[in-house]
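Protein chains in written order, with the numbering used here: chain A, 133 to 400; chain B, 675 to 1016.
Simulated from the structure, these hints should not be mistaken for laboratory data. There may be inaccurate statements among the hints.
List time: in silico EDC-like cross-link candidates among lysine to aspartate or glutamate, alpha-carbon distance up to 20 angstroms [stated by the list, open to error]:
hint	chain 1	residue 1	chain 2	residue 2
1	A	K188	A	E141
2	A	K207	B	D905
3	A	K188	A	D208
4	A	K188	B	E906
5	A	K188	B	D916
6	A	K347	A	E139
7	A	K188	A	E199
8	A	K347	A	D332
9	A	K347	A	E299
10	A	K207	B	E906
11	A	K207	B	E902
12	A	K347	A	D155
13	A	K188	A	E139
14	A	K347	A	E141
15	A	K188	A	D155
16	A	K207	A	D197
17	A	K207	A	D293
18	A	K207	B	D916
19	A	K347	A	E368
20	A	K188	B	D905
21	A	K347	A	D359
Chain A regions said to be covered by chain B (calculated; three or more residues, Cβ under 8 angstroms) [unchecked claim]:
hint	segment
22	182 to 193
23	241 to 253
Interface residues of chain B toward chain A, partial, derived using beta-carbon atoms under 10 angstroms [stated by the list, open to error]:
hint	residue
24	A684
25	A686
26	A893
27	E906
28	G959
The beta-carbon is built from N, C-alpha and C at its ideal position, and this holds for glycine as well.
The chain contents come next:
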Amino acid sequence: MNGPPLEAEGLTLAYDQLVVAQDLSVQIPRASFTVIIGPNGCGKSTLLRALGRTLKPRAGRVLLDGEPIAALRSKDVARRLALLPQSPVAPESITVGDLVARGRYPHQGILRQWSAADARAVADALDATEVADLRDRYVAELSGGQRQRVWLAMALAQQTDLLLLDEPTTFLDIAHQFEVMDLCARLHEEGRTLVAVLHDLNQAARYATHLVAMKAGVVVAEGPPSDVVTEPLVREVFGLACRVVPDPETGTPMVVPARRDAHVRHLP
Amino acid sequence: MTAVLTLGPAVAVRWRRRPVVVCIVALTIVLVTMLVTLSAGRLGIPLSELPGVIAGTGSRAQEWVLWTNRLPRLLVAAAAGAAFAVSGAMFQSVTRNPLGSPDVIGLGAGAAAGAAAAALVWPGLVPVPVGALAGAGLAIGAVYLGSGAGFRAPLRMVVVGIAVGAMSMAFVQLALARATREDAQVVAAYLNGSLAARAWSDVVLIVVALVVLLPVALALTRPMQLVEMGDEVAVAVGVPADRVRTWAVVVGVLLTAAAVTVSGPIAFVALTAPQIARRLTRSTGPGMVAAACCGAAVLVVADLVAQYAVPGIVYPVGVVTAALGGVYLAFLLVREWRRSPA
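Produce the entire structure from the sequences given, and follow the hints as far as they go.
Structure, rendered in C-alpha cells:
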C-alpha cells in the first residue's frame, strides 16, 4: 500500500444549514504526523470529524486505504482508524483500566468479549501513555493531563495505524500540553500515522511533519512546516503580522507576533 | 473485581462479582415475597401445606387460590416488573438521563391510551395488546418528531415526553367519560396499574415477550455503554450510534407495551428499578439482568404491600409504586435542579 492511508475527495461539510466547506480535498501522507491549522471556524475540526467518519459529508467521500469509508463496516474501520474527540465524557465512577478496555470493542464479539490479546493491548496502551499505575483509579479524580493520556490510551488500545486527535492539548496547562505532544511524537516515531488539529502554531510547526493550513473551508497551503509557516502565510490565514524565526530549541519555524504598533500598520 | 468466564474458544464474557450478588439477592427477595404473598390473608395457603397443594393433594379451594387466583398474579408481577425495568434501563441509557424512563416520557401513558381506545372507544377493532403497542408506538413517534432532533436530544425528549404523556392521559380520561359505568370501572382500575385477576394468558404474553426481547437487550448492553459516552466516542470504536439507539427504542417500546397490556401502566417501576440496580451494582453502564431482577423484586414487594399494608383495603399496585416512585422522582428533580446553574 503506497497511496495515502486517508484521503478526502471533494467534501462538502455542513451542520444543518451552515455550510463549512465545499469541494474540499486533502491527502494524509503515510506515516506522517499531519497537523491541521487555521483560525477559529475555518473548518479544521469539521474536516477531522469527516475523516474520522463521525460527521457525514453532504457530498464527496473519505477514502481509507483507497476504499470509501462509508461503505466499510463500522467495526472494521475502528480496527484501522482511532479517533480522540475534543472533549469526551467519561461515565460516572469508571476506572482507568475499564475505560481503556472499552477501546477494545472493535476487536470483540457479542460472545467473545475478552481475550488474552485484549489484556495485552490494554496493558501496552497503559504503558505507552505512562498511566499504568493509575489503572485502578477513577477517571473523575485525575488531573486534566492524566485524563487526556488515559483517553489516548483508550484510542491506542484499538491498535490502529491511524490516529486522529481533535485539539488534544486544549484545556491543558503548558507543561501538560508538551507532555501530550511528546507522547504523540513518540507514537508517530513508532510508525503510526497521526492527524491532529492544533491551535498553537509553534507547537504545530515543532511537532508536525506535514502541515495543512485552512481558511474558511479551503486548504490554503500544505507541506513541511518550514514551507508552510511563513510570514505572508500567517498574515493571510490568521490576519496576524509577525516574524518567523527559527525555534532556538529545534530549528523549526517559530511565529513571533509583531509589536502592537507594527501590528496595526501591517493589517490590510 | 473482574473475572473472565470462558466457554471454549468462542465465548469469553467478563463479569464482576457485585452484579451477580445483587441479582441473587433480588431473586431471593422475589421468591420469599411470593411465598409470603401465597400464605397471607384469609385464603392464604400455610407454607407447610404448600407442597401438598402443588402436588395436587390440597383442598379444591386451596388449588383455586394457588393456580387461578394468586400464582398467575405473582408471575405477572415479577415478569412485568422485569419488563418495565429493562425498558427503563434502555430509555434511561438512550436519553442519558435517569429521568428519561418510559413512564416519564409518556410511553406508559401512550400504551394506556392505546389500550383504552382498543377496549372502550372502538371495541373489537383490534385486540387490547395491539392497541397498547400502537399507543406506545404513536407516543414514541410523537416524542421523536417533537424533540426536533430525534433521539439525539435527551433533555428535549424528556420535556416533549412529559407533554405527550399528559395528552395521552387526557385521551384516556375522555375514553372513560364516554364509556358505560361498568366498562369504565374495569378500565379505570386497569389504568391505575393493577394486578388483580390476572390469567394464565397474561403470564404467557409477558413471559414470551421477556424471553424474546431480553437477549436482544443483552446484546445491546455493550454498544449502549459506549453510546452513553457520546456519539463521537461510540463511532470511533465502531459502534453505529444511531442504529443502536433505534434498536434500543424498539425493544423498549415492545417491552413497555407488553408490560402495560398485562398490568396497566404501573407507575415508576421503569424509573426506579434500573437506577436501584445501577447504584447497587456500582456499574458504569446499563445492566439489563440486574435491572430485570430489581424490577421483579420491586413490583412483587409493591403488590404485597398494596394488598396487606392497610388491613381490609386492597389498593391497586400502581398506587403503591406511584407513591414510592413519586418521592424518588421528586428527589431526582431536585438533584437535577441543583446541578444545573440557576
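Which numbered hints does this structure break?
-> Of the numbered hints, all hold.
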